[in-house]
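In case you want the letters, here they are:
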Amino acid sequence: MTLMGEKLATIGPEMVLSVGALLCLFLGLARSARVRHATPLIAGVSLVLCIVGPMAWSAARPAAPGEIALVLGLAATPMAAFLKITIASIGLLLLLVSYRTPDQLPQNIEIERSGAAFDPGQTTRGEFFAFFLMSLAGAMLCAGADGLVWLFLALELTSLPTYIMLVTTRQSTLAREATVKYFFLGALAVAMFLYGFTLIYGATGVTQLYTTPVTEGLATVQSVVAEWRQEGQPLPLMLLVGMGLAILGISFKIAAVPMHLYTADVYQGATTPMTAFLAFVPKTAGFASLVLLLGTLGWPLPEPIAAMLWIMAVLTMTVGNVLGLMQTSVKRALAYSSIAHSGYMLVGLLAGSAAMEAGQPVVASGIAGILFYLVAYGVANLASFGVLGCLKRQGEEAETYQDISGLHHRHPWLAAIMLISLLSLIGLPPLVGFLGKIYLFAPAFFTGEPAMIWLVVIALINSAISAVYYLRIAAAIYFGQPSEEVERDEQTARMTGSGIAATAAVVLGLGAGALGLTDMLAKAADQPGKVLIQPADTDGDEAASEDRSNIPSATAGRN
Amino acid sequence: MLTLATASEFSHYVPLAVLLVMALIFGVANLVLTHVIGPSRKGKVKGTTYESGVNPIGTARRRFNVRFYIVAMTFLLFDVEIVFLYPWASVFSSLAEDSGLTPVFLGRCLFFILTSIIAFAYAWRKGVFRYD
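These protein sequences, in sequence, are chains A and B. Here the numbering used here is used: the first sequence runs in plain steps of one and ends on residue 598. Here the numbering used here is used: the second sequence runs in plain steps of one and ends on residue 222.
Simulated from the structure, these hints should not be mistaken for laboratory data. Idealized CB from N, CA, C, for every residue including glycine. Mixed in with the good hints, there may be bad ones.
[What the hints assert, rightly or not] Simulated restraints on C-beta separations: (1) A:MET54 <-> B:TYR103: 43 to 49 angstroms; (2) B:LEU200 <-> A:LEU192: 20 to 26 angstroms; (3) B:GLY217 <-> A:LEU467: 50 to 56 angstroms; (4) A:VAL546 <-> B:PHE165: 47 to 53 angstroms; (5) B:PHE168 <-> A:ILE148: 31 to 37 angstroms.
One chain only, chain A, in its complex shape (with noise of 0.2 angstroms):
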């Protein structure tokens, strides 16, 4: 296999998603009606098959010495393996939890009721569900990301479908609001992000973050970075200022403040599996990159970096749950809790590498805490979002605390889902959002700095404040007068997915390490855009050889 072959060996997952994506697109305007709502099955098959299918691939064909060695042939590196199985497992749950959502729009219900004359020009069922396989696709992509114009292009990949999704999936004002909000000040991040990422090209002439094989020798904006701090000087100026801009503009993909303004509106203009989308796909992406972008620095990061990224972090916590406590809507309540979550994650992308490089074990690890807690919100979020989207109030979405109040004495299981996925998501033990705490507060106290201890303090401080508007949210479950207008939608799937999602809370809270999460999780917070080698070993190297032999030709042909 050519060099060129291998790096596209690293995407299975995404191209696989990618022609469900086509698929999805084309059957879901058939002639025929069956094959029409068959195109939710085949986003889901494509979403089990993206990690299958490359992880059975490259079982029958093992990597020959010096080629790169695909983690589990998903990725080239273990962050971005473990970042695809966790995008394609929850991926699947959003599935299951919004592959309704398009049946449900009056103008979808008209065509289905006509029957015979179905115009393919007002539908929208196929165009969700290809949408949703690209973001998710974009998503992997940033995970695995080497360079600043695959960085980018990855997370256009990752938005643009957001917005039409958004449009497409709720008829009313409210999610047009939402939808010019969300696209015109995402238009305004990319910009940010854009000059930043060509700050940082012209500040290290190169644009590849880390080195592949296929760039073996070049210079990468890693190497570059490493050569300086060797030799003490300091960062140029236009380096710091582009990652600074880059940070800023990243932080509107995972909700940080200052970038944060869209998202209470937004989340609640969007329909309810929607937001579960909007919580947690973009959100993994931009947690995705900012580690990508601040790995070629280094941890501990340098002082400005740091300093900014300290700031963001006490003002995302702080803002979204003291906002958090004023909201009337769970829905806007939950949306800024979504902002409160990235503040605490932006401690652990604060301590990085830092504590572990000083010899402390796997949990002092910041990306490692990440990573975790990118799984641990994802299924609290989708279990509390999903059994909101079961619940209507005269055809209307429920979203106030009125329309939730006394849930339990209705339906005790959605009731049970939502308060397990309000614990995890305050971090109290046993489920996986306590577990994720540890995680991420644990290496910044390791660090030892009293900055950091500091940050550590007011993360804990605001878990308490996060816990009052939760239990709010819990004690109008369990202790409200049942409303009689609200009434649970017939959807089992969508409880099912939540279900599934309260059930992972527990289960991963319980058991991460026997479950070999944190194994894996060590494995991928070493060094995050390490590209991992098979050795060379003494028989068999030469079809090795031979392949490398083309490298010169092919790219001399080239230039």
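Assemble the complex: chain A is given as a structure, and chain B must be docked to it using the hints.
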């Protein structure tokens, strides 16, 4: 590798000069021919500035037919396709023959064209090209 030409060798600029002359002839010939052959009917409406069928005088804040956007997007589809095909074509001919990369590169480009075809078929099925 390109061999660098010395400054005195202008011979490889000849195609460029031919192109320039042809472009000039084409432009001038068109103007002259339409003037000579074409019927000349003048009118107030015909004399106004052409602005994609929209009245050019008056407020700019008016409603456009949404079809303009759809046509523009379909145009983008093919525009982007061409933009990507150019670098591909220029690299393809310089691939080393024994590298075994040619089928990979061809396959990749065919897949890319396939995605554009799917997009085109999708637009067709959506009724983008139906003008009524």
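key: Numbers of the earlier hints that this structure fails to satisfy, in rising order   = Hints that this structure does not satisfy do not exist here, as all of them hold.
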